[in-house]
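Line order of the protein sequences matches chains E and Y. Going by my numbering, the residue at position 91 of the first sequence is 91; the numbering climbs one at a time, nothing skipped. Quick note, my numbering runs 1000 ahead of the 1-based positions in the second sequence.
Some hints could be false.
Calculated cross-link-like contacts (lysine to any residue; reagent style SDA-like; alpha-carbon spacing at most 20 Å) [to be verified]:
(1) Y/1003 to E/100
(2) Y/1003 to E/44
(3) E/57 to Y/1092
(4) E/71 to E/29
It should be emphasised that the hints constitute simulated quantities derived from the structure, not laboratory data.
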Amino acid sequence: NAGVTQTPKFRVLKTGQSMTLLCAQDMNHEYMYWYRQDPGMGLRLIHYSVGEGTTAKGEVPDGYNVSRLKKQNFLLGLESAAPSQTSVYFCASSRRRGLYEQYFGPGTRLTVT
Amino acid sequence: DAKTTQPPSMDCAEGRAANLPCNHSTISGNEYVYWYRQIHSQGPQYIIHGLKNNETNEMASLIITEDRKSSTLILPHATLRDTAVYYCIVRAHNTNAGKSTFGDGTTLTVKP
Chain E
1 NAGVTQTPKF RVLKTGQSMT LLCAQDMNHE YMYWYRQDPG MGLRLIHYSV GEGTTAKGEV
61 PDGYNVSRLK KQNFLLGLES AAPSQTSVYF CASSRRRGLY EQYFGPGTRL TVT
Chain Y
1001 DAKTTQPPSM DCAEGRAANL PCNHSTISGN EYVYWYRQIH SQGPQYIIHG LKNNETNEMA
1061 SLIITEDRKS STLILPHATL RDTAVYYCIV RAHNTNAGKS TFGDGTTLTV KP
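Chain E with its partners taken away, still in its complex shape (with noise of 0.2 Å):
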């Protein structure tokens, strides 16, 4: 099992500029969630999914959008990146709702200049 996985690691954008991030589970988690640690600091939840087809906000879901089009995989998008989005982002996915034994991915590096 490759587990939890995030494409790209890195990834410098302009502002204004658009991306989308990838997390990809093997494990059949009903349960996913996107998080960004700035430097320092812990992790905030940005949005989260309970199953696919379904998306809900976090606690700092502002200038992001995500999708669950199938059950192994949840994207995250940045319509218009600002310098505020700089950031280490982290995709995790869990098979209980809540805080119950997630698992990260090695998350994704991203710098807007």
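Go by the hints and put chain Y onto chain E.
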């Protein structure tokens, strides 16, 4: 969600037990205590969770006080690979993750 307080940093000698404290004095009756850790530049890793009874798994033990206002994560024989940031989070078990901030955590440094 209840607020948690953790010391910003701790040191531990390799091979000794590491005891990481967490205060959560405003915890509600249906809220669990979760512990995750994050090794430098990696994604967080789930360690353990508990409601009111002490819990043990292959990674660690979790001791929750009787009044549930504080807890301690114990790594029985710390190794250099246990150097990481440890997050204590309090949340109800079966709620959706509408707000799921990990906070600042405790940086544990295991020294040879």
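Status of each hint after checking the structure:
Taking the CA atoms of residue 1003 of chain Y and residue 100 of chain E, the gap is near 18 Å; set against the 20 Å cutoff, the hint holds. Between residue 1003 of chain Y and residue 44 of chain E the alpha-carbon distance is near 15 Å, which keeps this suggested pair within the 20 Å criterion. In summary, the hint linking residue 57 of chain E to residue 1092 of chain Y is supported, as the alpha carbons are separated by about 18 Å, within the 20 Å threshold. Under the criterion of a C-alpha separation no larger than 20 Å, the hint pairing residue 71 of chain E with residue 29 of chain E is consistent with the structure, at around 8 Å.
The structure meets every hint from the earlier list without exception.
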